[in-house]
Structure formats: C-alpha cells, structure tokens
Amino acid sequence: MTIIILLLIPLVACGLTTVMRTRQWMEIVHLASAGASLVAALLLAAEVLRQGPVSSINGFLYADHLSALVALLTAFVYLACAPYAVGYLRRDQALLFLAPSDDDLAALSKQRMYYTLTPLFVFCMFLVVVSNNLGVMWIAIEGTTLASIFLVTFYGRPTSLEAAWKYAMIGGVGLSMALFGTVLTYYSAHLVLGGDSLSALNWSVLVQQAPHFDKAVMRLAFILILLGYGTKAGLAPMHTWKPDAYCEAPVPVAALMATAVLNCAIYGLARFYVLTIRCLGTAFASNLLMLFGLLSVAVAVPFILVQRSSRRLLAYSSIDNGGIMVLGLGFGGAFGALAMLLHMTYHSVTKPLLFFTVGNIQQHTGSDSLRKGARGLIHVLPISAPMFLLGALAVTGTPPFSMFQSEFMVLRAGFMGQHVGVSVLLIICVVTIFCGFFHHVAQLVLGPPSGAEREPIDRWKTYPVIGLALLVIVMGFLMPASLYQLVDGAARVLAVPQ
Amino acid sequence: MHFWQDAQFGNRMITLMAAVVLVLQIMMVTQRWLITNIRAFALQSFLMACIATTIAYYNNAPHIYAAAVLMLLVKVILLPVLFERLVTRIDILQEIEPLVNAPISVIIAGLLTLLAYVVAESFHRPDEPMGPASLGHNTLAVAIALFLIGFFMMVNRRKALTQVLALLSLENGIFLAAISLTYGMPMIVEIGIFFDVLVGAMVLAILVYRIRETFDSMDVSRLSRLKG
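These protein sequence lines are chains A and B, in that order.
Count the first sequence with the numbering used here and you get residues 1 to 498, in order.
Count the second sequence with the numbering used here and you get residues 1 to 228, in order.
Worth flagging that the hints you see were computed from the coordinates, not collected in a lab.
Among the hints, a few may not be true.
Have a look at the derived ranges for each label pair, beta carbon to beta carbon [claimed, not checked]: (1) B:V23 x A:I28: 33 to 43 Å; (2) B:V69 x A:G281: 41 to 51 Å; (3) B:V106 x A:Y484: 54 to 64 Å; (4) A:S450 x B:V81: 55 to 65 Å; (5) A:T18 x B:L82: 15 to 25 Å; (6) B:N101 x A:S56: 29 to 39 Å; (7) A:G447 x B:T88: 49 to 59 Å; (8) B:H63 x A:Q209: 18 to 28 Å; (9) A:V207 x B:T30: 44 to 54 Å; (10) B:I206 x A:I28: 48 to 58 Å; (11) A:T159 x B:T88: 27 to 37 Å; (12) A:F438 x B:T88: 51 to 61 Å; (13) B:R222 x A:G421: 41 to 51 Å; (14) B:R32 x A:T159: 23 to 33 Å.
Keep in mind that this is a model prediction, so the values were computed, not measured.
C-beta: ideal position from N, C-alpha, C; glycine also.
Produce the complete structure using the sequences and hints provided.
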C-alpha cells in the first residue's frame, strides 16, 4: 500500500500543477508533494526493515532493502531541491531569464513547466525502483529521460538545445541497447521458465532461476545492459552528454540528475548484475564493471584539472563518483556492495549542496566560470562560498567527511578482492582529482575582496544550503542505526549467496 | 487444407519479409531524400507488423496481434505522418553529404550484416524443438543487422531528422529480435515500449523543429559549441 502512495504523490502533484493559475499555489503543491514523498519513502523503508520485501498488485510492484534505500535517497534529494527551486526560479524571474520582459504570463508558464515536469521526473524514478518487472523498469528509466528533456531546454538558449539533443540521442541509443539486453535476458529466462505471462520478467522470480539461464545469451545481455544503463549513469566513454546537460538545466534539475538519476541507473545495472553473477559467477561481470568504473574515474581526471566552468566541474565529479560506485560493485563481495551503497548514500547528500552553492554563485555573479576574474567570493557570498568549499572537500573524499569513509571502503574491498592494480590506479586518480578540485575551488572562494556587492540573503536559497551542510558534517560522525540497517540489507541483496 | 495453413509456408513468408526489411534498411543508408527515407521507414514498419501477425497466426499467440496493431498505428501511420508534416513545414528536403559516401556506406552495411549473421549463429540450436512457424536464425540475424546498421546510420547522418529515423529503425530491430526470440515480450511491456517510442519520437520532433528555428538548419554538426 505504501508503495502505491509513494508513486501517487508526485503524480498527483504533477496533475494539480497543470491546472493551477498562480505561482504561490504551484510552489505550495510542489513543497507538499516533496515533503509527503519523503514521509512515504521513510514509511516504506520502515516497512521493509520490519517485515522484509513487500510487494503490491500481484507482485507487479516490489520493494526490498535496495529499492527502499534508492527510493529514500530520491525522495531526499527531491525534498532538498523543492525549497531551493522556489528561490531559484523566483530569482530567475527577477533576472528576466524566464521571459524577455515583464511578461508575467510567459514566466508563469515556464514555472508551470518546471513544477509539472519535475514531479513527473521523480515519479519515473520512483517507478524505476519499485517495479518488479525488468521491462517496466526499462520503461521507467526511458521515462526519466523523456520527462527531463524539456527541463534541459528550460532556458531555450541555442546551447541548451544542443545539450538536449545530445542527451536525447546518446540516451536514446544507450537505452535501446539496454532494451535489447532486457529482451535477451527474457529470452535466456524463457528457455527455462517458459510461458509468456507477465511474471516471466519479474526480478523476484528471475533471481531464483538465474543459475539455470542460458549462459551465452546472458553474457551478451549483460554487456548490452552495462552499455545501456552505463550510458544513463554517465560511465565513460558514454559520458559526453552529462556535462552539457548539467550545465544547461536549471540547478535543482541538475542536482536531481547528478544524484537521483545516477542512483536509478546504477540500481538498474545492479539488478542485472545480481542475475548475471548468479548465472555466470562473479569474474565476468566484475571485470567489466571494474573496467568501466576505472575508465570513468580516469576520464574525469584531465577534465577536472583543466576545467573552466564550475558546473561542468561538478558533472565530471559526478562521472568520477559514478565510476567509484561501479568499481565498488565490481570489486564484489558483501563488502564491495556495502561500500558502493554507502558511497551512493553520502554522494546523494553531498552533491546537491555543491549544486545549490554553485547555483547561488552563478545567479549572483552571472557566470559559472572558474577563470574570468572571479576571486575572493567568500567576501561576496559569505554563506554560499564557504559552503561550496566545504562541499568540495567532502565530495573529493577528504576526512573527516563521510565520503572519505566510503571511498576508503571501496579501496579496502579492492585490496581484499586481490585487485591491487586497479585499487592503486584508483588511489592515484582520486588524489589527482582532489588536487584539481581544491585548486579550482580555493582560487574561486578564497582571496582578497574584489569589491563586488554582497549577495542579499534569500531564505529559500540559503536555508537548504545550510541544512545540507549541517547534514554533511553530521553524517561524517554519525550514521543512524536504522539507515545503516537499510544499507546493510541492500548490500545483502547484491551479494552472491554463499 | 489450404496452402497457407502449412507452417512451412509461414516460415517462407517470414523469411521473405525479413529480407525485404533488410533491403529497405540498406536503402535508407544511401537515400538522401528525407521524404523517401520516411516512407521507407513506414514500409519497413508495415512489414514488421505483417511479420508479427504471421507469427501470431501460426503460433496462436494472440498478444502478438496487439503488438502488430500498435506497430501499425504508431510506426506506420502516426509517426510517418508527423514527420512528413514536419519536413514540409521546415522545408528541408535533402540530406547533405553524409560523413561516409554512399558506396562505402553500402559496403559497411554489408559487413555489418555479415557480422550479424556470425552473432546470430551462436544462438542457433538445431536440436531444440521449435514452434510451428519458428523463425530461423535468419530472422534473428536480420534483427541484429537492423540494430547495427541503425547505429551506423546514426553516426553517419548529419540531419537531425534522419538521426531520429535511424534510432527508430534501430528499435525496429529490437522489436524483430523480441518476437523472433521469444514470441514477444509480456503484453504490458510491449504497450509501455510503444508508448515510450511514441512520446520519444514526438519529443525529438519538437527538438528538431526548435533546432531548425534556432540554427536555421537541422544540421547537427552545427551543434558543437559545448566542449570540455
């Protein structure tokens, strides 16, 4: 029952905002739906912790620990983005980014587009994690792309069209590969299970039959799935759409894409990974995951070092972190899966903070450039700029922040699994990325005052930043026991049965 | 017994139609008129619907009829009509020179077909009992060839609309693979996929239109300002 409510909340919000005529009401509905989604996700997590996997509508919807965790993270990012979006869009309207002149109607319709498409986007992500049927999961992942294309073209600039085109085309090709992979998985299961009822693609059914699947077909299916969902997750070399889309979409959408969508794509990959390792053993799938993971981390290095735009910097950091998650999964064992899920959790808390602070900087100074004379922002934006520095330290895995712990665990899983070479390369890349990040961010934030005028404090845009920053600090020292239980349960879903 | 009730006849018809589908795909690789490309795609999708109907008839699989009807509605009627209107509205009739010229494109398409046959061979199990009108590995090879040639077209073409057509024909390949391997996915998945294809194609059509308005061309090689 909770699952259905979780799905209905954003859908209802999407429906309501299409008919609303004032900005205030749209904002209220948006905030309410974000809050309610988090409550529903928490209830779902509590239910899963109490009684194990839950299912609904004859097993059509299914949530185990892994689904509950990813749904919770999605709802959390949605809630963090909601108040920020209110302030961000109001400021955009004041800056006349939404409509050319004082054309209130055009600005209102732009805002309606945002407040309608974002809940739809979130609905698709919830559907990804709670659908039991792997075909429906594919449909939902494709749905996230379709729902977000017009959020990428939100500002209607020529560059946003270019970004949206790349996003749609690369995403479309990638997902068609994932569909082919899903078809082949169905085929290899079909040889065992027979019948063409709906349940023949249900993960909970497939996972028990996986050892009997056709091995040659499953091998091809996993390669296609990895390429397909890897494109959606932005793994190298299919990552090229990512910096463009993140830099053109409104900041809250970029934050959702960099965390929640990344999580959903890796979730999809992980579901197939479980089927594959049960069918073929760990070596085949793990080696592929390690290859793509390491490649993503390595590709991010040079682009971070020479980066000129802070939003693109964040996009490459997201590619890097996606790579680390995939590496964690590839290192295998219960420990690798645990490290990957913890990294996912911490990343989902930290990345929105970075996007929000960059959004504040960009809206105040009018550019997201890391080069053009922007120095000493700490004197201009006394809250956002230091928080950007804090977030940058946290996201690159500096102790005592929590992402240090999860990156360390990924490395430990690597050394435990005898993957010494890969782990050493990972250390080198991560350290270089830290240097590049710190160089850019410190130059931007610190330094003598440039004399620019101070940013007026906007509650909507500042409180989410402060709240997330507090959470990032607290999470470095404290992990709620029930959240850890959830993560641990999810890791058990991904581990090979002994 | 009429001759069309013989499963052998069904088999031959499917192989014939699959061959025509492949020929159409290779024709689209070289064709430069957008309207002809759209019609070739519509014809290809129509043959796809026919193949689905044939399989549904010989294997008594009623839910494949639904897939055939959806194919007919979405990819044979709705999308081609939408695209033709788009082409007349934005007034661009011809593709500019693709990256690889026509003769070499055909050779590449031929090589990809060869590759598809090699891949499909590994799926071939002669010892296994087949359905009444089983699709030989011929059809699977055609499906994989459509997929690969669709890929090649997406890389090779520079007009936004031909890239969309390439993506859709690539999806035709997946559809053919799905029905030839497993006699169709579960019903709800098929409906969902067609819905996604429909929405996706409309979204892309809007983007094509906007690209035309903003850049005064549909040439995607002009979309190269975002770097690094």
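Quick rundown of the hints versus the structure:
1. B:V23 x A:I28: 33 to 43 Å: The hint (33 to 43 Å, Cβ to Cβ) is violated, given that V23 of chain B and I28 of chain A are roughly 58 Å apart.
2. B:V69 x A:G281: 41 to 51 Å: 43 Å, holds
3. B:V106 x A:Y484: 54 to 64 Å: 60 Å, holds
4. A:S450 x B:V81: 55 to 65 Å: Holds - the Cβ-Cβ distance for S450 of chain A and V81 of chain B, about 58 Å, lies within 55 to 65 Å.
5. A:T18 x B:L82: 15 to 25 Å: 23 Å, holds
6. B:N101 x A:S56: 29 to 39 Å: 56 Å, violated
7. A:G447 x B:T88: 49 to 59 Å: 58 Å, holds
8. B:H63 x A:Q209: 18 to 28 Å: 22 Å, holds
9. A:V207 x B:T30: 44 to 54 Å: 46 Å, holds
10. B:I206 x A:I28: 48 to 58 Å: Check failed, 30 Å falls outside 48 to 58 Å.
11. A:T159 x B:T88: 27 to 37 Å: 29 Å, holds
12. A:F438 x B:T88: 51 to 61 Å: 56 Å, holds
13. B:R222 x A:G421: 41 to 51 Å: 43 Å, holds
14. B:R32 x A:T159: 23 to 33 Å: For T159 of chain A against R32 of chain B, whose Cβ atoms are near 29 Å apart, the range 23 to 33 Å holds.
This entry does not satisfy hints 1, 6, 10, going by the numbered hints stated previously.
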